[in-house]
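Given chain P, put chain D with the ligands in place with the hints provided.
Just so you know, the sequences run in chain order P and D. Each number in the numbering used here corresponds to the 1-based position in the first sequence with 30 added. Each number in the numbering used here corresponds to the 1-based position in the second sequence with 585 added.
In case anyone wonders, no lab produced these hints; they're calculated from the structure. Heads up, a few of these hints could be off.
No more than 25 Å apart at the CA atoms, straight line, and that leaves these computed lysine to any residue pairs for SDA-like [stated by the list, open to error]:
hint : chain 1 : residue 1 : chain 2 : residue 2
1    : D       : Lys803    : D       : Arg941
2    : D       : Lys645    : P       : Leu355
3    : P       : Lys33     : D       : Gly747
4    : D       : Lys645    : P       : Val88
5    : P       : Lys33     : D       : Leu750
6    : D       : Lys645    : P       : Leu83
7    : D       : Lys716    : P       : Ser348
8    : D       : Lys645    : P       : Ala147
9    : D       : Lys631    : D       : Lys940
10   : P       : Lys33     : D       : Thr868
11   : P       : Lys33     : D       : Gly754
12   : D       : Lys716    : P       : Ala356
13   : D       : Lys645    : P       : Gly143
If the Cβ cut is set under 7 Å, some of the chain D residues that face chain P in the computed set are [as the list claims (entries may be wrong)]:
hint : residue
14   : Val759
15   : Phe924
16   : Ile1013
The beta carbon of each residue, even a glycine, is placed where N, CA and C say it ideally should be.
Listed below are the residues making up each chain.
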Amino acid sequence: MSKPDVVAAILCAGATLYAIFGGADFGAGVWELFAARKRDRGLRERIEQRVALSLGPVWEANHVWLIFTLVVLWTGFPDAFAPIMETLYVPLALAAIGIVLRGSGFAFGHTLGDVGAQRAHVVFAVSSLITPFFLGCVVGAIAAGEVEAGGSGNALGWIGPLPILVGVLFVASCAYIAAVFLLDDCRRAGEEELGEYFLRRSIAAAVVAGALAAAGLIVLHADARGIFDGLFDEGLPFLIASVIFGLVTLVGLLRGWSRALRPLAIGAVVALVAGWAVAQFPYLLPDTLTVADGAGDGAALTALIVVFIVALVTVVPSLALLFRLAQRQALE
Amino acid sequence: MSLPSVPIADNLLAARELMAFTLGFHIILACVGVALPAMMLIAEFKGRRNDDEVALDLAKRWSKAAAVLFAVGAVTGTVLSFEMGLLWPNFMERFGDVFGTGFAIEGIFFFTEAIFIAIYIYGWKRIDGWKHWWTGVPIVIAGVGGAFSVVAVNSWMNQPQGFALDGSGNPTGVEPLSALFNPATVYEFPHMLLAAYMVVGFGLASIYAISMLRSPAKRSDRRHRLGLLIPLTVAALLTPVQIFVGDVAARGVADHQPAKFAGMECIYETGPDQTEWLGGICTDDEVRWGIGIPGLDSLLVGFSTDTVVTGFDQIPDDEEPPAHTLLHLAFDTMVGIGFALLALGGWLGFYWWRKRDFPATKWFLRAVALSGIGAVVAMEAGWIVTEVGRQPWIVQGLMRTEDAVTNAGGLWFVLVGAIFLYAGLGAIAVVSLRRIASRQEPGGDVGAGLPYGPPAEEPGR
Ligand code: HDD
Ligand code: HEM
Ligand code: HEM
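Extracted from the complex, chain D is given alone in its bound form:
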């Protein structure tokens, strides 16, 4: 008896969609794991230094949200670890030992994160003063380290190095550190780290903005004001840095992954004086309905309009990324949102400079309310550029995705199941967050009713 195997082409699409969906979901929670702890610590720092009860209260509230979202992050991350093998066994078989060190290091950070979030939450009632603040520091470090070690693996898939190939195409002479510190890590890691801080910063601020829009009385409530200002300031300060790193990333892609670059900028013919297209549809031979700025693309890539940029004409047909329009629009969406967020930060900065306050007007709050979603969309769009743009390769230039995929059956059913399961998870997580936000604990014990904390009334005490 055996199960039927499935045509590779069919499986490939299902496996890619499944990977994309589960990654796209996990990455939002991963952002929370990376950046929310820092927001908590900033609030707690403010609270402890100025004896500010309101800031301490914010830190407590945010640590509760972190507890719930970490739990969902952990389970969705575990799914990804299984998927690496279940969906892409041949990729793991051939290259598992080259990039695996990244995931192994990530394990250490997971331990640190899982243990210290529990310590931090238990600690609200059991550890005094600044010592408690310090128990949060390992969580922040673990977030940065965890992001580094996974993203380095992804960078390696984009710019593989740190090994040689033997006669049969298998890697030998592996250098794990060289694999992790590949040229793409230099921009992908900071770009993702900043993205996580922006997603959480704008996201958290947008929650307070929405509640201020709903009930204007809250616009003068100190907790809401602080809850909006702390994360919004962090995110606004990081936005220009993010745009700078993105610019470096774009030049890195143009140098090392010309096919991806041609896809995201819709470049047909190799040559100098390339037009930069804003928006538009990429047909077989031209960009339609886009706004073209002559020469700008060459200028951005090589600081001169004479810079030659590779187009589809020099890329073999079977090495071209699919879905040019999707790639192009995803890239433009990311960049567009990046500049919109920069403008929002500028608005805040200008007003603050003149009035030492933020503009608590309807329009500003509306903009902040949208910024959270915007940052998430920009991040997801960026990942579409990176991952779809790398196709047809799973490891750039070395292994095709179709050669990596499993022949196991039933993936479409798994995909549908995963969508329902994750939709449920997401909905329940939101319900849980709302409950926690409105719950009044007896005695205000922070751990009460949290997955990592002590129960409300501890029996036997």
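Chain P with its partners taken away, still in its complex shape:
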């Protein structure tokens, strides 16, 4: 593996971590949104409380993975970053606004009085839906070849079948991961009834996400032939792994497993991103810029690799400490 390849792998790792942990946060907001129409106020409040409890300690840390991914992209591959930003500024700007509203909606949902907090919850929920959608559009548009190296491209190119489909797929995956995570959290905390609620939603989300992924293959065949071919070539093992993970999770959900669900769901996402990455390789921007051509200066790449290792070494133990603490009883 050459140095640019390693940094490309780091980029994918950052994006995957964001997809899983940031995705679970977004998904939780999506479930709040669906629950908002429910008459049963008690249920709504329990869901909001569950989400607050699960996200509370980590909502900002999870989100740093996005910043990290952006920075790796602009430092490691400035020649890809610039045209992406210049071409897809509309969905990117909308995603940025979504992130502002989501973060502040979440924070102020805790701090404001009744009416204010309710509005903040709505803002949090709605922006949890739109943000992953637009981020998905960006990924889809890149896959569809809308962003060209060195060019400023067509600013409306992201309004096409593949980008929109990937956007919807992102939302569905977030909802799926969140439902599985929340289900697990509920069971650990002994909230059986709410656990049932998220169990049903996990199954539904799994089916929807699976169907969307299958539809994605068809659109991929039409709009991004290179990636489609790659997926059934070098990407095939990952594609198969992802399908297996997905099916096993579904079985596990139906049979009432609990501990294994979280890792299984994570496995499905990791396999999917890895498969996609392998299929798109060597292109950073299909079909105009390769990883090797788009890479920044060698010393900057080395620095990124070092920083990534240091980040893992500091983040993993601190997160472990935080999780242990959040599960611990309060001292008296």
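Frame of chain P; chain D with the ligands shown alone:
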């Protein structure tokens, strides 16, 4: 189908205003992220060492405020990361790999800050004694490191180094460390770090001063007194250091960015014996309505009135910074406020020396109440000097801002939208802080009702 692109000149102005507005907003919250944790820890230290419940209570209160403001800092910072690419794609394309390491390192500090603030807040009820104090230390370190890594990038824009240019003007042979440790970092980083501590120190003290002014009974309330004294002492002690660093910065600018220096001091003709102008308007050929002190400018730059200082006459017209008067007044505002704050610190110090107490008089409290705003204004003015003074360059001497800007349309609408959005954010943050300050939690659980903390009544327990 495609969206129309916009004339560069129009876009340039909109993009600059947008960047300036969002940065100017974020930097206030960034100050809180950098310096408030240290204030919390000082209060907690005092509380634990002397078994002082009042000091511990202050630390708890400040950590709650930190939680709310960190959240707003995080979202506004994310906007900036997007803006770097959305507004200045050509800058990122050409130089992203040279300075990007700074932002990557900052990522580590963001993680640390985000995780440990949650640990600290959860920890009030779950970690005992001094161990809890230690969980706050990483937040303080992350604040310092985070400030270093971003400000180093800004310093690099002022004094770029750590790379060579190839035939087509693109950087090669990048040395990330050399880029980060450029000569401007030496003064910009400490100057900004101290500014953050001053903004938070004077700012926090001013909140207690206002409440003492409103209800005189609070002047003898121990929590209010301590809440005023701790941050005010820290800020007052740092002010002289800040003035010293600012003086070093000014000489650095005179050496390396003579156009910026000529702008902030309004120097027209190159030569020795330059007059130092206090205030005034910089017209095309002279300073009007200012107070001139002959020779002082040369003396400050080179410790002798014979020092030759570069004026506009030796700077090509298209490399002169815009808005000379703005630059000059911004600089004078910063320096003026710096000395006013020094005087306030002197007042406190003198009184303390004689009476072992602070002067709880109306006039002193009024001065403290103003000091918070003053420190913020000084900091914003300093950034105007740095950023507007660098124009027309985005990277001093190497890339013009007009060559860096995007051609995407609609930036003026985005600017208006951003102003409304941020105004709303700011207002809601203030409302939230007031609510938290007045809320009486059942059982006094610190995390309750905070974005990073446990809920008031934990279900299932
Ligand atoms: C509390 C805030 C504060 C105070 C009291 C001062 N400054 Fe300052 N100054 C800043 C806060 C600041 C800053 C944080 O806003 C800047 C912007 C960029 C930087 O590194 O620090 C700055 C920039 C800045 C610059 C431009 C640096 C550059 O462009 O690279 C100069 C020359 C000075 N300052 C000089 C001074 C002097 C001589 C002061 C004496 C009283 C002073 N500052 C007080
Ligand atoms: C430390 C990190 C910072 C970085 C990397 C940075 C970067 C930039 C960039 C890329 C631009 C646009 C290009 C240009 O106009 O030269 C800019 C402009 C500007 N920034 Fe900064 N900035 C930083 C901090 C700040 C802060 C804290 C402020 C606070 C007010 C600020 C105020 C401005 C202003 C006023 C402009 C517009 C200047 C003009 O166009 O006249 N900057 N900055
Ligand atoms: C162009 C300039 C800047 C960019 C791109 C930027 C970016 C960011 C981002 C992405 C975050 C959010 C991280 C998170 O999710 O936790 C953030 C927060 C923060 N930034 Fe900035 N920033 C800039 C300027 C500055 C400056 C000049 C300083 C300080 C000197 C600063 C200090 C901080 C701090 C301390 C935080 C933590 C926020 C908090 O917890 O309150 N930033 N910034």
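Practice problem: Against the earlier hints, flag every one the structure doesn't satisfy and list their numbers going up. | Solution: 10 and 15
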